[in-house]
Amino acid sequence: MNIAAAANEDMASISNVLIYSAMAVYTLAFLAHITEWVFGSRSKVGRTAAALTQPPATAPLPAVTVTATRKAGGTTVIERAEVTTRSAVGSRDVPDGPGAAAGDEKGELYGRIAISLTVLAFLVHLGGVVARTLSVQRAPWGNMYEFSTTFSLVAVGGYLLFLTLGKNVRWIGLPLVTSVLLDLGLAVTVLYTDSDQLVPALNSYWLWIHVSCAIISGAMFYLGALATVLYLFRDRYETKLASAEGKQPGRAASSVLGRLPAAASLDKFAYRINAVIFPLWTFTIIAGAIWAEAAWGRYWGWDPKETWSFITWVAYACYLHARATAGWKGRKAAYLVLIAFACFIFNYYGVNMFITGLHSYAGV
Amino acid sequence: MSKTTTPAPDTADESSSQARSTSTGEEPGLGAAGAQLSTAPSEGGGVPELGLVGWVRWCWRQLTSMRIALILLFLLSLASIPGSLLPQRGTDPAKVDRYKAEHDVLGPIFEKLQLFSVYSSVWFSAIYILLFISLIGCIVPRSWQFAGQLRGRPPAAPRNLTRLPAHTTWRTEAEPEQVLEAARKLLRSRRYRTCTAENAVASEKGYLREAGNLVFHVSLIVMLVAFATGQLWNSEGGKLVVEGDGFSNTLSQYDDLKSGALFDRQKLPPFGFTLEGFDATYERTGPQRGTPRTFRARVSYWEGADGEPRPRTITVNHPLEVGDSKVYLLGHGYAPVVTVKDGRGTIAYQGPVAFLPQDSNVTSVGVIKVPNYRDAKGNKDQLGFQGVFVPTFGGVGSGSMFSQFPALDYPVLALTAYRGDLGLDSGLPQNVYQLDLKNMKQFTDAKGNKLRKMLRPGETMTLPGGAGSLTFDGVKEWATFQVSHRPGNGLALAGALAALIGLSASLFIQRRRIWVKATPGEDGTTVVEVAGLGRSEWARLPEEVAAVALALRPDAPALPPAQDATDSAPTPADPAPGARP
Ligand code: HEM
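Chains as they are written, first to last, in the numbering used here: chain U, 1 to 364; chain B, 1001 to 1581.
These are computed hints drawn from the structure, not numbers from a lab.
Just so you know, not all the hints are guaranteed correct.
[Unchecked claim] Across the chosen pairs, the derived CB separations fall in these ranges:
| id | chain 1 | residue 1 | chain 2 | residue 2 | range |
| --- | --- | --- | --- | --- | --- |
| 1 | U | D10 | B | P1270 | 53 to 63 Å |
| 2 | B | V1365 | U | T27 | 29 to 39 Å |
| 3 | B | S1360 | U | G350 | 16 to 26 Å |
| 4 | U | V229 | B | G1152 | 41 to 51 Å |
| 5 | B | S1360 | U | P175 | 40 to 50 Å |
| 6 | B | G1490 | U | G157 | 51 to 61 Å |
[Said to hold, decoys possible] So, partial list: chain B residues that the calculated Cβ filter (under 8 Å) puts toward chain U:
| id | residue |
| --- | --- |
| 7 | F1074 |
| 8 | G1083 |
| 9 | P1319 |
| 10 | L1500 |
For every residue, glycine included, the Cβ atom is placed at its ideal position computed from N, Cα and C.
Kindly produce the complete structure, drawing on both the sequences and the hints.
Structure, rendered in structure tokens:
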């Protein structure tokens, strides 16, 4: 019997057309985002953003108004409980920036267009990956081309999911679309591999489990890393604003960074995403070990791919520990998590390309 | 739903109290109420006491401190990097030798530094042993402490509840006792552990977080033990089997056998198998032409000394499991079957000879040794053949002996022949895939050229001068198997799963405390205060406090705020633009 049922050529070319179309739509979304930022920089709110981030001189007691909804006799009665909060000691209390459009109407319009285009591009991208799956009749993660296309698909999917859940993630839009374009560009040029079946060693249902978890972990870690990079910029900006004398941020920096969420919000976003994904990444490694046990007779053999997964895992564990330790919050932890993500990326690109191990992919 | 407005910057005395605080992620300045919200270790600082005991105690405190554990953890990942960049003896000894041959300066230095066997090197072992001592030293006392916390009561309310990260207050006409009783019931129903003292209910929830954390770290120890067990008692051997041949699990049958330090090689479990056939399929078309698609070894195996043979197939991801041992399919190749007749026409050798693949199209090389040979005159001599076998020959014109496809489409065997002393009697172990040509002479044809012949199955190469002949009868496949015995797999898996569950609990469950205070106010009403404390990562604390406060309202209906009390918690004006909903 030949499991290599002839790869469906038509589906493969449909997939390629869809991926190229998705790239075109992502490009439009990219331009719309740029336009949003440009309009936003002209807006009044944008120009006064810096002023907004200055804590008021005579601040009233910090307060959060929490309203809760209760059902009473069929009608909804809204009661309010005013809860006073104290922010964590040592943190700056700076509100989030107003967002890319900064209240500018045209900017808002382009922002919405950009998101609609991203949704469209995501659907086309999804179609491309599904067509590829149908064409190869297996999980679409047999080589680095397929891995890359799925990776960016999941990253965009995660972003759109956060948007739907009403999270404050609009700021991810521009950097995400930019990097998705880079990723897809790399995939269709350097990494492209024709649609085909897997070598026998990769033909296992653990491939579905292990690789899908790896892709989700990677894509989410990527969003975390993105937030961390922006955090570092925004944090420096806030520090400069806060220092009475000393260098104040430049105008361009103020315009862009002033519209981002507060450093504390970015940091929190990054931490949450990393903390939630860390168990999944742990599971990815366990699933990989189970698969390795079935394929090569040992669950752990310090193969380069395994070694780098371990390094990545330890780096993220260090980050989680560091966050729990006084004195390691903020920038230091941020550098740690960037190192951790760099390890992940090296494991994915570097190890496949520069080091040969058992984890050889069908293509590159 | 919560709306955030601009909170005030912190006052100076809090910043300095943070500097003094050595605890992790907790609000400072709250005394017992803020303590031990996690099992995070406190940092062992300070100067060692005098004397040996003092020093030992100091070292132990350092080793089991979080900072050192973190550094060790980081060192461990750094230490594993060279092993991924340099060839390792454990996985590919031939590559190590090649590397050393190519680098005559660095090679010996790396060897000295144990860089070719990183994962069993002294320094790598030292790091992880220290790390796990640190882990044990850190986790065991924490477990006791946590057990104590479980038996104890939630800490009493701090004097000033407004200092807590989330706080709300209102006045009511209900009696303080009534309010406290209602609060206690409410918190109980929300699965808080409660404790009423004087004018306040203290409650705490989320102990599973710490339990999960401890489970996770203990599982790490379990995994290490499992890994060590596997290393010490494992055995792993390779065996090449030609179609039709068998293998039985005894030391002498292995081509090579590696085993852990404590494994008893004489006690291999009795079982065996015969390779009935081997099937391979390859991609026939497209750019991936020649890529293997299926490898399948059909075997019949038996358990015990004389068990019934049972049929099974072994494929790449599906090893044969017999008792504690597993038989994996690793590789395959071809074995030309030949018949060699000597000078008198009697059969000097007959059977398959395994050739070793050299490339992905299975161009293979091998040698045929014929030690029991007599020439035409009946004198004792020995024959040797060097051969290249290709399963798919590219055609006569191509001039190359490189296979064009891995399947047996057009098999050709090319041979050169030698006579002389094979060197088998020297007593030194010999490589079965190489000829020692030192004492051998090559056959030449009538014109004096070196004798070389390409054979299709069924064809015969006749040696000049009536020295005999070699017939290429056909081709069999062979497969290599790895037989491994590795105890501790189950324990490792259990440890890993427990670690995963513990980790999730420790990351997703929030430990928090809520206090409800009811004190008689000056105007005869009761002042109710609800305040909460969580770990700093937890953003939903205000919501939780508000939910508790709202649920308490039916039992303690709020009075409109007294005029003079408003300044303590003013209703915020419009939230700042861009504020997070
Ligand atoms: C071997 C690798 C290790 C890994 C992967 C690891 C991982 C983790 C993770 C993910 C957490 C959760 C952090 C959080 O609660 O936010 C944690 C907490 C903790 N770890 Fe480790 N750990 C390791 C080694 C150690 C060692 C050697 C020690 C002892 C010195 C230690 C002590 C602790 C303690 C006490 C906590 C609780 C912190 C808290 O509750 O705030 N860990 N660890």
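Next item on the list: For the range 16 to 26 Å, tell me whether the beta carbons of B/S1360 and U/G350 fit it or not.
Entry: holds (24 Å)
Checklist line | Consistency of beta-carbon spacing, U/P175 to B/S1360, with hint 40 to 50 Å | finding: Holds - the Cβ-Cβ distance for B/S1360 and U/P175, about 42 Å, lies within 40 to 50 Å.
Item checked: Hinted contact B/G1083 with chain U - closest CB pair below 8 Å -> holds (6 Å)
Margin query: Is 29 to 39 Å respected by the C-beta to C-beta distance linking B/V1365 and U/T27?
Written below: violated (54 Å)
Item checked: Distance restraint evaluation - U/D10, B/P1270, Cβ atoms, bounds 53 to 63 Å -> holds (55 Å)
Note to self: Quick check on the hint: B/L1500 CB to chain U CB, less than 8 Å?
What the structure shows: At about 6 Å, which falls below the 8 Å cut-off, the nearest Cβ of chain U leaves the hint on B/L1500 intact, so it holds.
Check: Can the hint on B/F1074 be confirmed by a CB-to-CB distance to chain U that is less than 8 Å?
Finding: Holds, because the Cβ-Cβ distance from B/F1074 to chain U comes to roughly 6 Å (cut-off 8 Å).
Item checked: Per-residue hint verdict: B/P1319, partner chain U, C-beta under 8 Å -> Since chain U brings a Cβ to about 7 Å from B/P1319, closer than 8 Å, the hint holds.
Note to self: If I claimed the Cβ atoms of B/G1490 and U/G157 lie 51 to 61 Å apart, would that claim hold in this structure?
What the structure shows: violated (37 Å)
Note to self: Quick check: does the Cβ-Cβ distance between U/V229 and B/G1152 fall within 41 to 51 Å?
What the structure shows: holds (44 Å)
Of the numbered hints given earlier, the model fails hints 2 and 6; all others are met.
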